[in-house]
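Respectively, the protein sequence lines represent chains A and B.
So for the first sequence, this note's numbering puts the first residue at 1; every next one is plus one.
So for the second sequence, this note's numbering puts the first residue at 1; every next one is plus one.
These are calculated hints, taken from the structure and not from any lab test.
The reader is advised that the hints may include incorrect statements.
What the hints assert, rightly or not - In silico lysine to aspartate or glutamate, EDC-like type, Cα no more than 16 Å apart, as pairs:
hint	chain 1	residue 1	chain 2	residue 2
1	A	LYS291	B	ASP190
2	B	LYS86	B	GLU126
3	A	LYS157	A	GLU192
4	B	LYS291	A	GLU71
5	B	LYS275	B	ASP247
6	B	LYS157	B	ASP190
2 protein chains.
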Amino acid sequence: MNPVTWTPEATDGAARAGSLQTPHGTLPTPGFMPVGTRATVRALTSADLVECGAHMMLSNTYHLMLRPGAELVAAHGGLHDFMAWKGPILTDSGGYQIFSLEPKITEEGAAFRSTYDGSHVALSPERAVAVQEVLGPDVAMVLDVCVGLPSSREVVKAGMDRTLRWAERSLAAHTRPDQALFGIVQGGIDPELRAESAHKTAALGFAGFGIGGLSVGEPANERNVALDAAIAELPPNKVRYVMGLGDTEGMLDAVARGADMFDCVLPTRLARHGKVLAPDGDFNLKNATHKQSLIPLQVGCACFTCANYTRAYLRHLLTTGELSVMRLLSIHNLHYTLNLMELARLAVIEERFDGFRRDHHQRRGFVADE
Amino acid sequence: MNPVTWTPEATDGAARAGSLQTPHGTLPTPGFMPVGTRATVRALTSADLVECGAHMMLSNTYHLMLRPGAELVAAHGGLHDFMAWKGPILTDSGGYQIFSLEPKITEEGAAFRSTYDGSHVALSPERAVAVQEVLGPDVAMVLDVCVGLPSSREVVKAGMDRTLRWAERSLAAHTRPDQALFGIVQGGIDPELRAESAHKTAALGFAGFGIGGLSVGEPANERNVALDAAIAELPPNKVRYVMGLGDTEGMLDAVARGADMFDCVLPTRLARHGKVLAPDGDFNLKNATHKQSLIPLQVGCACFTCANYTRAYLRHLLTTGELSVMRLLSIHNLHYTLNLMELARLAVIEERFDGFRRDHHQRRGFVADE
């Protein structure tokens, strides 16, 4: 029996609502996972994530295997206890991080240098699985080959094919019964390759499917074409996770196509630069127009930051370099993102998702595609 | 009727327990005020202060008058609402901050350049009172003349005399009925000057008394002599606040002499450098001995950090530069300091304070004076 299952609850066109059951609880979908790269979401604690409304979070195999090392995490009883997060955790495999390190990739695996100390590190599909079994998340991801965009069709296809072969090796290596392993669909922005990758990855029988290699700077319409092609080949009873996607327009467009899960550093990264997510358009709190503003970041927002502080106070902290503002803005942006997914879920259940998405785009000055 | 009063509850030798009533609640004494220089304790929120056990906090007139400006704070309804802190607040007058800015000091007041933009700023005793009335803390402090140590007796005496004349002007200028004004005793480490300053400041009839110009690097025994001389001349029914003192040995030595209140950036500043306060000796969390330690910072500590995290996890955050550790270590160090004051208070009430103080010093490798 699979330790992680996705149960559909409602559909509205291609959009779906459901829930992902894991050994550590449930992620209602559509759902967003905050990113805790090094076993902490930047500037936040696990208690803050609960307060923001997070159900599930993501951490990074690549970073944790190097610092502090998977064995130390295991000595704590695993990642949940290490970071005091009781909910579900997904770890990525490291493929995406390695991709930026000019790795030497062979059929065996990837060899690269640590960002921490320059030492040589090797990561194979089997080792990525083994490390994640030691870390102990609810969901582990296969090691995949990420190809930069744009690349030639040959390069994209070669990466996709190797990802498929690695996926088989990963499945064969995976043993931990209380952990699910998700496959990853690759194929760049080529709909034929995406369809082929999705079809063949689905045939391997994973408990869920990541759609990788997107949100790397490609135009939204090209991403959406790739998503359509991939999702059409994925089984309807398994969860679909668009990796690295976190801008609100992009997520709602993906939900409209049948995607269920997302993760991204964007909400917290923007926060650390003073950029605030808001329904009628994001804004930069450093802007002098907020200097004497006695309203919260978002009127009516239920987050801790909006419940307690004015824009003027937060801008004061920001312009004088006070650390506390990094946390306060991160809380708002995460709450905003998580709440948007809740609203999207409700809209699917109430069969009014397309209007919800169009209204969201319009208020923020985006044009929704048909 | 005075808006701020101190009520004695118990004595043990010269040490005293009591409570300081203010319009925003009570500070049990001996008591420590965390320092929120710019209307935030670095890396923390007001909710964190409550969680740490803080009853009263301090903020800085000098910083707030320059950034964001007292009028903006007043537009929020005052400092309490600005920073969402419901408890009592004391603001210092700016005298100590100005002291480091090479001010031009005349009988009228101090002229100096802003640390923020280099602009010329003037602060007189009357203006310091006026700004604090606009900011709205429960306790305002008079503008004092801080003299560096060591200085000649003439220089120390001249500063002390001017502080006395400024104290009279401050009292005459103060009008806000829901705010107390505290005088400040000066006089360096000269016991005669300290006694004279305390006697004459007491005669002016303030609601409470700061003892300023100490904790600036002087040896502990010289500070203690100065404290003895000052406290002997202060009225027994008024609160005594040793400004800027926050190391645990120093505070307990001052409590033993009849001091009631303290403030210091030390606990949070140490935290931001990875230094952890602990009963058996402070330690640096960066030290490799903690790398695999599965125990909390302090076994048995009830703070949020110790309740949730191991030394190994916190050291991982510290060595990888994660912002969240600044908050987590600050929470522990503040909780430790505030808890120490609670334990000291209990020891006074139970008439075992001297043993408590000696035990504290001994466990941390200090020799308690007689």
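Taking the hints in turn, this is what the structure says about them:
Note on LYS291 (chain A) and ASP190 (chain B): the hinted pairing is violated, with a Cα-Cα distance of about 47 Å set against a maximum of 16 Å. For the hint pairing LYS86 (chain B) with GLU126 (chain B), the CA-to-CA distance comes to about 27 Å; that exceeds 16 Å, so the pair is violated. Straight-line distance between C-alpha atoms of LYS157 (chain A) and GLU192 (chain A) comes to about 10 Å, which keeps the hinted pair within the 16 Å bound. For a cut-off of 16 Å, the pair hint linking LYS291 (chain B) to GLU71 (chain A) stands: about 12 Å separates their Cα positions.
With a CA separation close to 13 Å, the supplied pair LYS275 (chain B) and ASP247 (chain B) stays within the 16 Å bound. Using a Cα cut-off of 16 Å, the hinted pair LYS157 (chain B) and ASP190 (chain B) holds, with the two alpha carbons roughly 9 Å apart.
In terms of the numbered hints stated before, the structure departs from hints 1, 2, listed from lowest to highest.
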